[in-house]
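Q: Spelled out, the chains give:
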Amino acid sequence: MNPWIYILVMAAATYAVRILPLILIRGEIKNRTVRSFLYYVPYATLSVMTVPAIIEATRTPWAGTAALVIGIVLAARGAGLLKVAVACCLAALIVEALII
Amino acid sequence: MSKTILFGKGIRDGIPIGLGYFAVAFALGIAAGEAGFSAAQAATASLLCNASAGEYAAFSLYAAGAGYAEAALMEIVANARYLLMSCTLSQKFAPNSPFFHRLLVGFDLTDEIFAVNVSRDGYLEPAYAYGTMLPTIPGWAIGTFIGALAGNLLPEFAVSALSVGLFGMFLAIVVPPAIKRRAVAAVVAASFALSSVARFVPVLAKISPGIVTIVLTVAISLAAAIIKPVPEVWDED
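Chains as they are written, first to last, in my numbering: chain A, 14 to 113; chain B, 11 to 247.
In isolation and in its complexed conformation, chain A is listed as follows (with noise of 0.2 Å):
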């Protein structure tokens, strides 16, 4: 196997699935569930991906619990994107320094 075509390989197949929607899908669509279903779908899968692996990233999870409430405390005083993950990384820190 030749790992420089193997990586265009990957790279292809990565770019296909990104693009086909974004090519095939040119014109508004109409049909109100659709959209309604598209208006979900960011909520839904960044808070998939986010709880619990969040709990998980980190080397107790007592930080990465503690890293998921305060981002939740910051982001619904309206804290911008920087400033609640700057705090995040921060009580993720903190808490590991204390316990670890």
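Hints listed in this document are in silico derivations from the structure and should not be mistaken for laboratory results. A portion of the hints provided could be inaccurate.
Computed beta-carbon distance windows for the label pairs [said to hold, decoys possible]:
hint: 1; chain 1: A; residue 1: A89; chain 2: B; residue 2: R22; range: 18 to 24 Å
hint: 2; chain 1: B; residue 1: G132; chain 2: A; residue 2: L21; range: 32 to 38 Å
hint: 3; chain 1: A; residue 1: P74; chain 2: B; residue 2: R22; range: 29 to 35 Å
Dumping the calculated SDA-like pairs for lysine to any residue here, alpha-carbon to alpha-carbon at most 25 Å [as the list claims (entries may be wrong)]:
hint: 4; chain 1: A; residue 1: K43; chain 2: B; residue 2: I236
hint: 5; chain 1: B; residue 1: K102; chain 2: A; residue 2: I32
hint: 6; chain 1: B; residue 1: K216; chain 2: B; residue 2: S62
hint: 7; chain 1: B; residue 1: K102; chain 2: B; residue 2: Y133
hint: 8; chain 1: B; residue 1: K102; chain 2: A; residue 2: G93
hint: 9; chain 1: B; residue 1: K190; chain 2: A; residue 2: L95
hint: 10; chain 1: A; residue 1: K96; chain 2: B; residue 2: L16
hint: 11; chain 1: B; residue 1: K190; chain 2: B; residue 2: T98
Please read these numbers as outputs of a predicted model, since none were measured by experiment. A virtual CB, placed ideally from N, CA and C, is assigned to each residue, including glycine.
Dock chain B against chain A, hints included.
A: Below, chain B alone, put in the same frame as chain A:
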């Protein structure tokens, strides 16, 4: 807003993502090195794929002696959630937006780039999207390169803390609309709960995370679309 300002805003929002990528890509680079790829090959794969799970899975397959067809199939399965995101993004482009923007923005359709672009009001701004890509694509590729080259240089506590940062960004995107709209709050809560069930119930834990993400995304979004269709103009709850 001018294109330059949008581009700059994109760069600003992309920097924390790029830093997070840099740290996470370290681990990917180590895996690529162990699978038998050189640092240059690993970095090229990251530059062209911009996919964590998909790349990791294909690297492991390569180590196990898999062929090109298996690599292609693995990428399609591991990245299938991008099909859904790509559908959503297709509705975000302005009707008169030139076609080539779709080809370029689609190239770096990662979870995080999708998240920051789709959560903005109105049509997708290509200038903003390209701004978000500028720090993230090199962050991912360089992180992979150094990971493959230098292995475990970054201390464990830093990797641990930085990996949480990417999830923090997801929270910053899903929580504010969840507070304004009860339907979104229900979607977020159901997603948290069901994905935890899928992870911690022993029988379900064997299913790969990629499949869980797709199945739950489709099921929860469809249920929400049927129970609470999005109105043309949404009154805040």
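Q: With reference to the structure, classify each hint as holding or not holding.
A: Against the structure, the hints:
Remark: the range hint 18 to 24 Å for A89 of chain A to R22 of chain B is upheld by a beta-carbon distance near 22 Å. Distance hint check: the CB atoms of G132 of chain B and L21 of chain A are about 37 Å apart, consistent with the given range 32 to 38 Å. Here the CB-CB span from P74 of chain A to R22 of chain B is close to 32 Å, well matched to the stated 29 to 35 Å. With a C-alpha separation of about 15 Å, the suggested pair K43 of chain A and I236 of chain B falls inside the 25 Å cut-off, and the hint holds.
For a cut-off of 25 Å, the pair hint linking K102 of chain B to I32 of chain A stands: about 14 Å separates their Cα positions. Simply put, K216 of chain B and S62 of chain B have alpha-carbon atoms about 20 Å apart, close enough for the 25 Å limit, and the pair holds. A distance of roughly 5 Å separates the Cα atoms of K102 of chain B and Y133 of chain B; the hinted pair therefore holds under the 25 Å criterion. A distance of roughly 22 Å separates the Cα atoms of K102 of chain B and G93 of chain A; the hinted pair therefore holds under the 25 Å criterion.
Under the criterion of a C-alpha separation no larger than 25 Å, the hint pairing K190 of chain B with L95 of chain A is consistent with the structure, at around 21 Å. For a cut-off of 25 Å, the pair hint linking K96 of chain A to L16 of chain B stands: about 20 Å separates their Cα positions. A distance of roughly 21 Å separates the Cα atoms of K190 of chain B and T98 of chain B; the hinted pair therefore holds under the 25 Å criterion.
Comparing the model with each numbered hint stated earlier shows that all of them hold.
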